[in-house]
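Here are the chains, one letter per residue:
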Amino acid sequence: GAGVSQSPSNKVTEKGKDVELRCDPISGHTALYWYRQSLGQGLEFLIYFQGNSAPDKSGLPSDRFSAERTGGSVSTLTIQRTQQEDSAVYLCASSSSGWGFSYNEQFFGPGTRLTVL
Amino acid sequence: QKEVEQNSGPLSVPEGAIASLNCTYSDRGSQSFFWYRQYSGKSPELIMFIYSNGDKEDGRFTAQLNKASQYVSLLIRDSQPSDSATYLCAAYPGGKLIFGQGTELSVKP
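For the record, the sequence lines run as chains G and U. The numbers in the numbering used here rise by one with no breaks, and the one at position 39 of the first sequence is 39. Count along the second sequence from 1, then add 1000; that gives the number in the numbering used here.
Read the hints as simulated data drawn from the structure, not as lab findings. All figures in this text were calculated on a predicted structure; none of them were measured in a lab. Positions of the beta carbon are idealized from the N, C-alpha and C atoms, including for glycine. Any given hint might turn out to be false.
[Unchecked claim] Here are some of the chain U residues that sit facing chain G, going by a computed Cβ distance under 8 angstroms:
1. Tyr1039
2. Ser1040
3. Pro1044
4. Phe1049
5. Gly1059
6. Pro1081
7. Gly1100
[What the hints assert, rightly or not] In silico SDA-like links for lysine to any residue, alpha-carbon gap of 20 angstroms or less:
8. U:Lys1042 to G:Glu44
9. U:Lys1042 to G:Leu60
10. G:Lys57 to U:Gly1041
11. U:Lys1042 to G:Ala88
12. G:Lys57 to U:Lys1067
13. G:Lys11 to G:Arg81
14. U:Lys1042 to G:Arg81
15. U:Lys1042 to G:Ser87
16. U:Lys1067 to G:Thr70
17. U:Lys1067 to G:Leu39
18. U:Lys1056 to G:Lys57
19. U:Lys1067 to U:Ala1017
20. U:Lys1056 to G:Gln41
21. G:Lys11 to U:Gly1095
22. U:Lys1042 to G:Lys15
23. G:Lys15 to G:Phe107
24. U:Lys1042 to G:Lys57
25. U:Lys1108 to G:Glu44
26. U:Lys1042 to G:Phe107
27. U:Lys1042 to G:Leu39
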């Protein structure tokens, strides 16, 4: 079956513009995660959706960042008034389990490379 | 202190040698641990997971977990140039994975 897909693969924008990044998780996966990876760095957790529960937004770096998940499937990460420090690869992952499970393999999408000029 | 810590490397080993990658974690409530491999410009892919103390072997890979010491390691036997990548350790305390910053491994022919 299809894996996690993300679009666009690359996005170049000007400072101050808003951007939307999209993630299509694996069908049937109830948990969806957004991470940010700056050049040469590890994965920085941003936000986590599990089913119909309230999302865990504890990793969002500022109120310019927001995300939603419609119908328990597709998710959109929105960055308002982009800054140069927002330049990074934004990775989405999904899994079939979440809170309360002892095992949680996350499958990653190819990422969106965001460049803010 | 970071929740999951790894040496950033780079760790350089000759082809055929054993590569040893180490990780420590701070949350004693972590239930399971994951090793992901990430090639340059690619997404992370799962290599192994472990949730019981001791060793878990899968082919050339062995994961080791010591919950008392809050220590996880990954051994790669007979290292190949194709193993050259960044290896990410992650702890799962429930909900989300907590990733370390990754260790870059270089296997020299």
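Each hint, compared with the structure:
1. Tyr1039: violated (12 angstroms)
2. Ser1040: With Cβ-Cβ at 10 angstroms, over 8 angstroms, it is violated.
3. Pro1044: holds (5 angstroms)
4. Phe1049: It holds, given that the least Cβ distance between Phe1049 of chain U and chain G is near 7 angstroms, below 8 angstroms.
5. Gly1059: Violated, about 18 angstroms.
6. Pro1081: This interface hint is violated because 21 angstroms lies over the 8 angstroms limit.
7. Gly1100: With a closest approach of 6 angstroms, the Gly1100 of chain U hint holds.
8. U:Lys1042 to G:Glu44: holds (16 angstroms)
9. U:Lys1042 to G:Leu60: violated (23 angstroms)
10. G:Lys57 to U:Gly1041: violated (27 angstroms)
11. U:Lys1042 to G:Ala88: With Cα atoms ~13 angstroms apart, Lys1042 of chain U and Ala88 of chain G stay inside 20 angstroms; holds.
12. G:Lys57 to U:Lys1067: violated (28 angstroms)
13. G:Lys11 to G:Arg81: holds (15 angstroms)
14. U:Lys1042 to G:Arg81: Violated - the C-alpha atoms of Arg81 of chain G and Lys1042 of chain U are around 27 angstroms apart, more than 20 angstroms.
15. U:Lys1042 to G:Ser87: holds (17 angstroms)
16. U:Lys1067 to G:Thr70: violated (39 angstroms)
17. U:Lys1067 to G:Leu39: With Cα atoms ~31 angstroms apart, Lys1067 of chain U and Leu39 of chain G exceed 20 angstroms; violated.
18. U:Lys1056 to G:Lys57: violated (34 angstroms)
19. U:Lys1067 to U:Ala1017: Between Lys1067 of chain U and Ala1017 of chain U the Cα gap is close to 27 angstroms, so the pair fails against 20 angstroms, i.e. violated.
20. U:Lys1056 to G:Gln41: violated (28 angstroms)
21. G:Lys11 to U:Gly1095: Since the Cα atoms of Lys11 of chain G and Gly1095 of chain U sit roughly 29 angstroms apart, the hinted pair is violated (cutoff 20 angstroms).
22. U:Lys1042 to G:Lys15: Measuring from Cα to Cα gives roughly 26 angstroms; hence the hint is violated.
23. G:Lys15 to G:Phe107: violated (31 angstroms)
24. U:Lys1042 to G:Lys57: violated (25 angstroms)
25. U:Lys1108 to G:Glu44: violated (30 angstroms)
26. U:Lys1042 to G:Phe107: OK: Lys1042 of chain U and Phe107 of chain G at ~13 angstroms, within 20 angstroms.
27. U:Lys1042 to G:Leu39: holds (12 angstroms)
Checked against the numbered hints given earlier, the structure breaks hints 1, 2, 5, 6, 9, 10, 12, 14, 16, 17, 18, 19, 20, 21, 22, 23, 24 and 25 and satisfies all the rest.
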